[in-house]
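Undergrad: Protein sequence lines, in the order shown, are assigned to chains R and P. Each position in the first sequence, counted from 1, maps to that position plus 177 in my numbering. Each position in the second sequence, counted from 1, maps to that position plus 33 in my numbering.
These aren't lab readings, by the way, just hints derived from the structure by calculation. Any given hint might turn out to be false.
Here are the computed lysine-lysine pairs in the DSBU-like style, where the Cα-Cα straight-line distance is at most 35 Å [claimed, not checked]:
#1 P:Lys292 / R:Lys290
#2 R:Lys352 / R:Lys275
#3 P:Lys246 / P:Lys295
#4 R:Lys222 / R:Lys285
#5 P:Lys159 / R:Lys298
#6 R:Lys339 / P:Lys292
Simulated DEER-style distance windows between Cβ atoms [said to hold, decoys possible]:
#7 R:Asp203 / P:Ser125: 52 to 62 Å
#8 P:Leu126 / R:Lys276: 43 to 53 Å
#9 P:Gly196 / R:Val336: 46 to 56 Å
#10 R:Arg292 / P:Arg200: 47 to 57 Å
#11 P:Gly196 / R:Asp203: 13 to 23 Å
#12 R:Lys187 / P:Leu126: 40 to 50 Å
#13 P:Gly196 / R:Ile254: 27 to 37 Å
#14 P:His162 / R:Lys187: 55 to 65 Å
#15 P:Thr290 / R:Asn320: 32 to 42 Å
#16 P:Phe286 / R:Asn251: 18 to 28 Å
#17 P:Ser108 / R:Glu392: 24 to 34 Å
#18 R:Lys240 / P:Ser279: 50 to 60 Å
With the C-beta cut set under 10 Å, the calculated list includes, among others, these residues of chain R facing chain P [what the hints assert, rightly or not]:
#19 Leu192
#20 Ile224
#21 Ser262
#22 Val338
Positions of the beta carbon are idealized from the N, C-alpha and C atoms, including for glycine.
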Amino acid sequence: MIEAKNLTKKFGKQLVFQNVNFKINDGEFISLVGPNGSGKTTLVKIIMGMEKKTDGELIMDKKQTFGYVPQFRNIDIDYPLDIESFVRLNLKFTMSPKKRAENNELIKQILEKTRLTHLRKRPLGLASGGEKQKAYLAQALLNDPQILILDESTASLDVEVKMQLMDLVKELNEKYNLTVIFITHDYDLTKKYTHRALFFENNTIKPISVDEISEAMFE
Amino acid sequence: MFGYEFMREAFIASTFIAITAGLVGVFVVSRNMSFLSHTLSEIGFAGASFGILIGISPLAGMIIFTMVSSIAVGSLSSESSRREASISAISSLFIGLGILFLSLSSESSSYATNILFGSIVGISSKEVHQLMILALVVIFVFIIFYKPLAFDSFDHIGARSAGLPTRMLSIAFLVTLALSVSIGAQIVGSLLVFILLTLPGATAKYLVHSVPKLIMVSVGLSLAGVWLGLYLAFITNWPVTFFISSFEVIAYFLGLTYKNWKLNH
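The whole structure should be built from the sequences, with the hints applied where relevant.
TA: Now the structure itself:
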């Protein structure tokens, strides 16, 4: 669980959000919605410990682990690694044969979970947009994080591929009680997949239910 | 051929250089630092002539210059676009400085040719030992940082979001790159050291698709190049660098052709 109490963030004198209060429960699939520059990515970075809060409290288990799927990556057509090797980058180094066997098993499982087993030898640079996103997802999920953060990960995909990816995330969310924080500008996906949303506007963050989500929030 | 001591020394030295350069080269290519490694070799040239000028060994001068400048580049700019611009500025300055230092010192211009284009036969067994130690240092650093460095080099954004200390890794990498440039320049010369630091790594990219395999192929191509180069230089009396660069360039274009062929089949 993550709980914010009177959380405030400023960059120098510029206010991002002030005195916000919200809770994200374990196993919840929650969207962060609101205009560009309203502080969605900043909040996520504070939660992951990559950015410092200015004031207030953020209560959560210190041992909480995160998987983060960023919006952009520079993967061009000559990118050398295949999908399996790309996912492997996130493995911990080990010399012990026992740990190596465990690592191999981990890779096998994550590739199955994300339906990438048959594509594992494909160079990532030659993979389609949806396959790339699945590989990013697999890498982020490798160390079995409790919280998965998707930062506009579906933005560049076409509708059908978006749905496939979200179906997969939803399945992992339900099966493994994985908490999902989904930063998005997509009204339909938010309505269809998430339990709740945090709405960012005018330096505040307001928790809202799915029914309260309106198309106007995405303009 | 191995009856001559200088050829034995040359083979040992170049084997170590090829292993280091092939290893480091994989990361140079994946971090898009080919241009920087070229500049570092020019800075190395200035460092070597500075060493001669003040009376320390050219290798020491090279190491000092390349280390200081690589740390400066690493801490000044992690954004690659800004790095390119600052690198080209630094590059021209150092070529000028190198020429100035050489003209101020009393060494003849043949020495400049040695630094720039390499001198395989002039290498002493003391220098061979120095090279071996430096090469082992580089390899050791790579073994220690292998996992995080591979993550950061092949997926910088992923490494950052996984919480790796990417700036520290970048500086550690630049320092080992500086060392490798200094080592490699002893054989192939400072102007062409970047051949070994970039081409085998770039060729490997077209052939194999995992980090350990990239390293193996890159080291293999690098070793094949220097061994073949030394052998051909011995029997023809032509410069080693010519053979090494020709081999690596041919391998590169064959690799590229193979990749294109595979894409269409």
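Undergrad: Against each hint, give a clear statement of whether it holds in the structure.
TA: To see whether the hints hold, each was checked on the structure:
no.	hint	in the structure
1	P:Lys292 / R:Lys290	31 Å, holds
2	R:Lys352 / R:Lys275	28 Å, holds
3	P:Lys246 / P:Lys295	18 Å, holds
4	R:Lys222 / R:Lys285	30 Å, holds
5	P:Lys159 / R:Lys298	47 Å, violated
6	R:Lys339 / P:Lys292	31 Å, holds
7	R:Asp203 / P:Ser125: 52 to 62 Å	58 Å, holds
8	P:Leu126 / R:Lys276: 43 to 53 Å	49 Å, holds
9	P:Gly196 / R:Val336: 46 to 56 Å	33 Å, violated
10	R:Arg292 / P:Arg200: 47 to 57 Å	36 Å, violated
11	P:Gly196 / R:Asp203: 13 to 23 Å	21 Å, holds
12	R:Lys187 / P:Leu126: 40 to 50 Å	41 Å, holds
13	P:Gly196 / R:Ile254: 27 to 37 Å	29 Å, holds
14	P:His162 / R:Lys187: 55 to 65 Å	58 Å, holds
15	P:Thr290 / R:Asn320: 32 to 42 Å	40 Å, holds
16	P:Phe286 / R:Asn251: 18 to 28 Å	25 Å, holds
17	P:Ser108 / R:Glu392: 24 to 34 Å	47 Å, violated
18	R:Lys240 / P:Ser279: 50 to 60 Å	56 Å, holds
19	Leu192	25 Å, violated
20	Ile224	12 Å, violated
21	Ser262	4 Å, holds
22	Val338	21 Å, violated
When each numbered hint is compared with the structure, violations occur for hints 5, 9, 10, 17, 19, 20, 22.
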